[in-house]
Amino acid sequence: MIRVQREDFDVGAELERLTAGNHRIGGVASFIGLVRDMAGRDRVSALTLEHYPGMTERKLAEIEAEAHRRWPLDAALVIHRYGRLEPGDQIVLVATASPHREAALAACHFLIDWLKTEAPFWKSESTPAGERWVEARAEDDAAQERWTPSLEV
Amino acid sequence: MKLLYFAWLRTRVGCAEEEVALPPQVHDVAGLLDWLRARSDRHAEALRNLGLVRVAVNQDYVGLTHPVREGDEVALFPPVTGG
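Chains A and B are the protein sequences, given in the same order.
Position 16 (the first sequence) corresponds to 16 in my numbering; numbering is contiguous.
Position 77 (the second sequence) corresponds to 77 in my numbering; numbering is contiguous.
Hints in this document: simulated from the structure, not taken from any laboratory.
For glycine and all other residues, C-beta sits at the position ideal for the given N, C-alpha and C.
Treat each hint with caution, since some may be false.
Computed list of chain B residues with no C-beta within reach of chain A, every gap over 10 Å [said to hold, decoys possible]:
1) G14
2) E18
3) P78
Stretches of chain A that chain B covers, calculated by requiring three or more beta carbons in the stretch to come under 8 Å of a beta carbon on chain B [unchecked claim]:
4) 37 to 51
5) 80 to 93
6) 111 to 122
7) 129 to 135
Just need the whole structure built from these sequences, with the hints factored in.
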């Protein structure tokens, strides 16, 4: 399941819903991305996330489907927020559930790595020097490539 | 054709979206980008370094040789930075 929303989310409630009624599940892995208060040496007072409505949902759904193809998952959830966020705020939740931990952990890692290079979101930081667009990081591409071959894009 | 711009491409071009009539000589993404750069100084400046521009046609990532047609939704944006 994927959701793109402005509102915050409750991790506990989301994880409970993800596994509710399915007692085959033996492990749940999750990743929560938060807004940092520093970017390099600059203090960040806010982060504004822009996205491409329509394509965002489509790419997230493709990535989720790919995770289900690669691992025996009972459930997967991706929630990504947009709009203005402040340090400490939650940005993204990825959670995966499976009978055993290996699939849940690997699929969760895969989902966040792919999401970072495929889902059309852009961050703008508010710093004392003004507002600026965050640049893509080569490390994120490298992290994604670890999971190739295969997702056709 | 509907053109969409995001992030700094939006601010440099000066609009989030524009409707354009595709000229007959434009058949692919590379041709569209050439034509757009000749449209205004703002377009030329925003599209100066194509290494920083990603293109989606009808919400799928495509390369420079991908065909474009009247009625397509074409989005231009910088490398993504979500997560």
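We went through each hint and held it up to the structure:
no.	hint	in the structure
1	G14	16 Å, holds
2	E18	16 Å, holds
3	P78	7 Å, violated
4	37 to 51	holds (count 3)
5	80 to 93	holds (count 3)
6	111 to 122	holds (count 9)
7	129 to 135	holds (count 3)
Violated hint: 3 only; the structure is consistent with all others.
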